[in-house]
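K.L.:
Construct all of the structure, not just a fragment, from the sequences and the given hints.
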Amino acid sequence: MKLDMVKALNLALREEMERDRDVIIIGEDVGVDGGVFRVTDDLQRIFGSQRVIDSPLAEAAIIGTSVGMALYGLKPVCEIQFSGFAFQCFHQIENHAARYRSRTRSRFHCQMVIRMPYGGGVRALEHHTESEEQFYAHIPGLKMVVPSGPRTARALLASAIRDPDPVIFFEAKALYHAAREEVPEESETLPIGRASVVREGGDLTLIAYGAMLRVAREAADVLAAEDGAQCEVIDLLTVSPLDRETLVRSVQKTGRAVVVHEAPRSFGPGAEVAASIMEGAFLSLEAPVRRVASYDVSFVGFARERANVPDVARVVAAARETLAF
Amino acid sequence: MKLDMVKALNLALREEMERDRDVIIIGEDVGVDGGVFRVTDDLQRIFGSQRVIDSPLAEAAIIGTSVGMALYGLKPVCEIQFSGFAFQCFHQIENHAARYRSRTRSRFHCQMVIRMPYGGGVRALEHHTESEEQFYAHIPGLKMVVPSGPRTARALLASAIRDPDPVIFFEAKALYHAAREEVPEESETLPIGRASVVREGGDLTLIAYGAMLRVAREAADVLAAEDGAQCEVIDLLTVSPLDRETLVRSVQKTGRAVVVHEAPRSFGPGAEVAASIMEGAFLSLEAPVRRVASYDVSFVGFARERANVPDVARVVAAARETLAF
Amino acid sequence: MPRTPIEPRFTVEYLSILDSDGNLDASLEPDIPPETLKALWRAMVLGRRLDERMLRLQRQGRIGTFAPIKGQEASQLGSVATLRPGDWMVPSFRETAAMVWRGWPIEKLLLFFAGFLEGGAPAPDQHDLPICIPVATQLPHAVGLAYAAQYRGDDAVVMAFFGDGATSEGDFHEAMNFAGVWHVPVVFVCQNNQWAISVPLKKQTHSRTLAQKALAYGIPGIQVDGNDLLAVYAASREAVDRARGGGGPTLIECVTYRLAMHTTADDPTRYRSEEEVREWERKDPLTRFRLYLEKKGLLEEGLEQRVDEEIAEAVRRFEALALADPLAMFDHVYGEPPVHLQEQRADLAARLEAASGGAAAPVGEPPSATPMRGQRVPRR
Amino acid sequence: MPRTPIEPRFTVEYLSILDSDGNLDASLEPDIPPETLKALWRAMVLGRRLDERMLRLQRQGRIGTFAPIKGQEASQLGSVATLRPGDWMVPSFRETAAMVWRGWPIEKLLLFFAGFLEGGAPAPDQHDLPICIPVATQLPHAVGLAYAAQYRGDDAVVMAFFGDGATSEGDFHEAMNFAGVWHVPVVFVCQNNQWAISVPLKKQTHSRTLAQKALAYGIPGIQVDGNDLLAVYAASREAVDRARGGGGPTLIECVTYRLAMHTTADDPTRYRSEEEVREWERKDPLTRFRLYLEKKGLLEEGLEQRVDEEIAEAVRRFEALALADPLAMFDHVYGEPPVHLQEQRADLAARLEAASGGAAAPVGEPPSATPMRGQRVPRR
Ligand SMILES: Cc1ncc(C[n+]2csc(CCOP(=O)(O)OP(=O)(O)O)c2C)c(N)n1
Ligand SMILES: Cc1ncc(C[n+]2csc(CCOP(=O)(O)OP(=O)(O)O)c2C)c(N)n1
Ligand SMILES: [Mg+2]
Ligand SMILES: [Mg+2]
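Chains as they are written, first to last, in our numbering: chain B, 14 to 338; chain X, 14 to 338; chain P, 5 to 384; chain G, 5 to 384.
Do not take every clue at face value.
[As the list claims (entries may be wrong)] Think about it this way: if two alpha-carbon atoms lie no more than 35 Å apart in a straight line, the pair counts; the simulated DSBU-like pairs of lysine-lysine are: (1) Lys74(G) / Lys299(G); (2) Lys74(G) / Lys300(G); (3) Lys266(X) / Lys266(B); (4) Lys42(P) / Lys74(P); (5) Lys287(G) / Lys74(G); (6) Lys206(G) / Lys206(P).
No lab work stands behind these hints: they were computed from the structure.
These numbers come from a predicted model, not from an experiment.
P.N.:
Shown next as structure tokens:
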């Protein structure tokens with residue numbers, strides 16, 4: 014069947030809830046309303062208000078009570094309405110969700126997923142357009158996953174829900190309705206921690222995830238058409254733990270890499286990607302790993318968003334500099 | 014006069030409060046008790062309980078009310094008792110302290126300092142030994158400062174309090190009483206955003222800050238004595254905005270670099286340092302920039318702390334690999 | 005020694021002066037000068053009409069998502085009208101009428117909702133904070149402002165707005181508690197409009213009223229008919245005067261209703277009944293206040309038309325504003341731009357140069373605008 | 005329509021059964037089996053003696069910082085004694101007596117305070133959460149456990165402990181509010197020991213009692229003499245039974261006092277008077293309970309000695325525990341160690357190899373241990 018990312022996520026949630034009675038959903042407006050983006054549409058009607066919980070307006074308690082439920086053995090899938098509001102529960106994530114396993118030597122652990130829409134593309138107000146993946150990627154004990162389309166979204170959400178560790182699951186708002194994609198009838202999973210080479214090429218490695226994957230792919234098309242340069246495009250899928258092996262293998266072949274993300278550039282995920290490639294493929298590197306990212310500015314307003322978020326032209330330009338280096 | 018870091022910080026606070034009536038202190042136990050580490054010792058007696066506020070136990074409100082005071086024109090110096098408890102106020106820092114200037118096009122701004130003890134070395138419990146600088150370094154609008162001893166602490170705290178922007182000020186617990194240092198009679202400042210070359214050398218650049226500076230310096234001594242290798246040691250002092258120019262200039266000379274920090278390795282500050290050096294000094298690099306950091310584990314318990322936090326032997330080993338590369 | 009109730013008992017009062025049929029309790033009628041009554045009516049009408057106009061602008065894609073105020077005019081205006089210009093207003097994101105009352109130019113509000121930071125900057129002399137999106141996070145700011153005013157010896161009072169859902173956030177609790185301990189001049193105005201997007205009050209908290217939450221902080225709390233401008237005004241007047249007089253903070257719960265959608269991205273038919281809405285339409289704050297002014301002979305001819313014209317002019321001024329320079333995003337991140345931002349600014353400048361037509365190209369709304377729920381993808 | 009108090013009025017009760025002179029209000033005396041009374045007395049004595057022993061261990065550098073419980077034995081034991089083994093206890097960081105009552109081996113507690121993660125792991129069959137350091141953050145966990153129990157149809161009750169200072173945190177508010185809305189079986193036990201480190205209650209909140217904070221959530225709140233084990237027990241029994249019976253959450257404020265320092269790193273003479281402490285020593289929970297048992301003829305000969313011997317044996321077992329392998333830090337970060345952690349583990353393993361004497365070298369306390377305040381630098 015052909016589904017957009019919202020429908021694909023909704024399908025994965027329904028399938029996992031049918032599979033496992035311990036899977037429950039909690040968040041603001043996830044029930045009757047089906048979520049701000051309708052990702053949980055219809056689930057409360059199907060599974061009841063005990064399993065799809067319309068919580069009061071308090072992120073720290075959404076995560077904090079979910080931690081408690083997970084310690085008891087449930088598998089909460091929490092929705093934070095926008096990633097910009099997850100700092101309200103950051104202490105519950107860092108202090109507890111990520112640590113109960115280590116703190117109790119696995120007597121307890123938090124099998125839970127924290128879903129959040131992130132990134133730009135919806136003409137939204139402040140705190141509704143930012144990309145905060147870096148903050149989670151730096152926390153030991155967490156996994157940070159970002160699907161790039163309907164099929165990877167459905168498979169990775171299933172994997173995340175079945176994963177014994179807490180998973181931060183970022184959904185690119187720009188992708189929710191961007192495209193419909195064929196997804197198999199049968200539920201499927203994807204290994205968390207594994208990046209995917211979505212296009213092979215020998216001249217340069219383009220690394221992206223989430224909404225930026227499309228940008229990287231289109232840049233690869235332009236570079237092939239206009240420069241005759243063959244880019245290898247890698248979809249990280251999991252930001253942390255980072256699949257350094259796949260990155261290094263690719264750059265050992267291409268000798269050149271550009272990493273693209275929506276998060277601000279400095280101290281961002283691109284830095285880890287660049288540093289890891291340098292450590293693993295230094296002798297193959299023919300040019301510095303370039304980073305194409307949003308500028309180091311806070312919210313710019315959607316009227317200026319396009320000037321800030323990486324686009325195809327910027328990726329192509331960075332790739333050309335790298336190829337010409 | 015010779016002061017330890019606690020006394021030097023206390024002196025800077027007193028000097029700035031005498032200079033400017035708008036400077037006020039707020040935090041848990043900062044008044045009568047003089048702070049958990051005595052950094053605010055005696056200040057409430059001198060300046061009164063309106064200027065040195067023993068707040069209720071709520072970090073988000075300590076920062077949130079300080080933001081309000083700053084919008085009014087006061088210059089709050091907030092103390093978060095331990096950096097491990099700052100995630101409770103992370104939303105107030107990221108959503109507001111860092112953004113009011115941009116949001117209001119400078120009609121309002123937050124001239125405030127957020128002091129926190131960070132790092133290991135005091136046989137402390139969970140959340141009392143971690144190093145969270147990376148989380149702040151990635152936030153546009155903030156400055157992230159980490160002194161490395163009594164004199165830089167006193168000068169940088171004065172600069173931070175006079176800085177028009179919100180400054181996160183990390184104080185290494187391990188340095189509080191580690192050593193006494195000569196500080197001038199007169200109040201002095203240090204430019205925020207500028208790193209300092211504390212030892213010159215042509216063979217390798219060692220980059221560190223806070224409590225790790227001592228480790229880097231001692232490693233440099235060992236390498237000079239045992240390997241005859243001359244290390245250039247750079248004290249970042251400001252983590253963000255990162256002084257890339259000083260780093261790049263040094264590595265253009267040495268061709269080799271090792272960065273040391275207490276924060277976990279992955280997606281940590283060392284990644285930005287490494288990526289920036291690669292971008293700025295690629296053609297001079299004779300070896301990959303190596304990172305010596307704590308492992309990607311959460312709290313390990315103080316009985317195992319020494320095995321986790323970088324020590325001289327680890328830095329020396331990394332430097333030797335880099336020199337031999 | 006036995007089991008004994010703690011004395012004195014805790015009480016919370018309910019205040020209503022002008023009921024939905026326009027019946028007045030003269031004994032409680034606040035004494036408001038006729039000119040102020042007329043100004044308040046004008047502001048209510050403007051709030052209502054501006055709401056409708058903004059809805060059309062949003063549907064046409066000329067502005068983005070915003071939060072309509074329809075039904076909450078009395079809560080906002082009855083309270084804010086008791087402030088002096090030198091006092092401080094701390095809004096959330098649904099105080100259009102109150103903001104206009106405080107002097108925000110309509111075109112600036114439109115600019116804000118059109119995605120321009122310039123729309124969020126208060127005037128240099130304006131003692132108001134900008135719109136605050138993260139629920140309840142503005143409340144500690146209000147307490148800090150009040151503390152600073154007290155510290156400086158200014159007699160300013162701070163009034164903070166928030167909704168029923170906001171009372172569930174930790175920041176609400178921490179702000180109320182600090183205000184109680186510090187005994188600062190702040191008035192907390194909760195617009196209890198019964199809904200937090202799709203979540204009804206009974207799922208938000210188990211307490212009977214929101215006003216009683218004041219008891220947890222040892223400060224006065226009162227519940228008022230939020231659609232009764234006179235009751236809101238009287239309660240606010242009392243709270244503002246007490247605050248100014250050193251009497252500390254107050255929590256005012258205005259029982260009102262959001263007659264429109266949560267925001268333009270919301271479809272309320274998914275979670276509430278037409279009956280409920282019609283029920284509350286009968287309690288419309290404008291209807292009863294209009295009757296009240298009618299009896300007082302204070303209604304002006306052609307007010308609606310004048311208000312509409314004022315709005316139309318503001319919209320024209322808004323439309324006339326050229327798209328601001330994208331490079332402005334680098335201004336005001338820090339007091340002084342650090343090196344890396346200067347470099348990034350230069351990078352964008354070069355790209356704008358390159359893109360023939362300079363600024364035009366990379367500006368404007370993002371390529372693939374995903375509608376939130378029923379929202380149409382707007383095009384400028 | 006006028007200004008009217010909201011009915012019914014709000015009330016909070018105070019409960020005391022056995023006063024500081026040992027006078028009993030027989031009409032309220034809870035019926036506790038003699039064996040339980042004896043066990044409770046034993047637990048109180050053990051709590052008091054273990055505290056003293058741990059202080060010595062800390063001063064000798066054999067364990068690190070910990071929080072003494074002296075004076076709070078009745079609050080902890082009167083409450084936790086009403087739980088069944090299958091119920092859940094959610095501690096903060098000052099519940100040593102309650103934890104031992106719940107079956108935590110003393111040597112495990114010592115291991116925890118000696119800086120070993122192994123000391124923080126509850127037994128496989130134990131329904132207790134580990135010590136929680138960040139104030140108030142454990143409270144939503146308790147509510148989540150209670151929700152899960154209800155969801156699964158188990159009849160377990162959850163009891164959560166926290167202090168007076170914790171009531172200022174947003175997490176306290178959010179947890180109480182969720183518990184009220186969800187109507188889950190959780191009992192919130194606030195040990196109001198008058199101080200949050202150096203901050204006295206009157207600087208913590210402006211409310212007269214902490215119990216009244218329950219009114220904000222529409223749940224029952226009661227204030228009890230926290231040094232009166234019978235009152236704590238009676239109030240807890242009622243709350244636990246109500247919770248188990250589907251009656252929802254309760255907030256119990258135990259008015260007690262921290263007779264010792266906040267933690268071993270604290271010097272209370274900086275912020276409170278000797279008089280105040282002596283005042284409260286006269287209300288010592290052990291004194292009155294001892295009298296009560298004496299009258300009942302339930303005191304056992306040589307209890308103190310037997311308790312001390314039990315503690316001494318536990319200390320011997322603790323000391324006998326070999327320093328755990330540093331490599332264990334890599335266990336339990338994730339269910340399955342990812343590649344980068346396997347590599348980092350190998351790195352440490354190699355370093356341990358290299359460092360002759362294997363594990364020994366890089367383990368043990370950090371080189372430059374900075375004392376917090378008066379704390380001595382301990383050496384093992
Ligand atoms: C911290 C935070 N969480 C979630 C949101 C998303 N959100 C915006 S408004 C809203 C509901 C607010 O309800 P209420 O406080 O009653 O105010 P109202 O919208 O009814 O005026 C939510 C959940 C937000 N803006 N901030
Ligand atoms: C979130 C957080 N902030 C600060 C601290 C530091 N701290 C530890 S205990 C304490 C005081 C707690 O007071 P209270 O809640 O009354 O409990 P008590 O210590 O009196 O038992 C503080 C401030 C912490 N552990 N967690
Ligand atoms: Mg509402
Ligand atoms: Mg206390």
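K.L.:
What hints, given by number in increasing order, does this structure fail?
P.N.:
none
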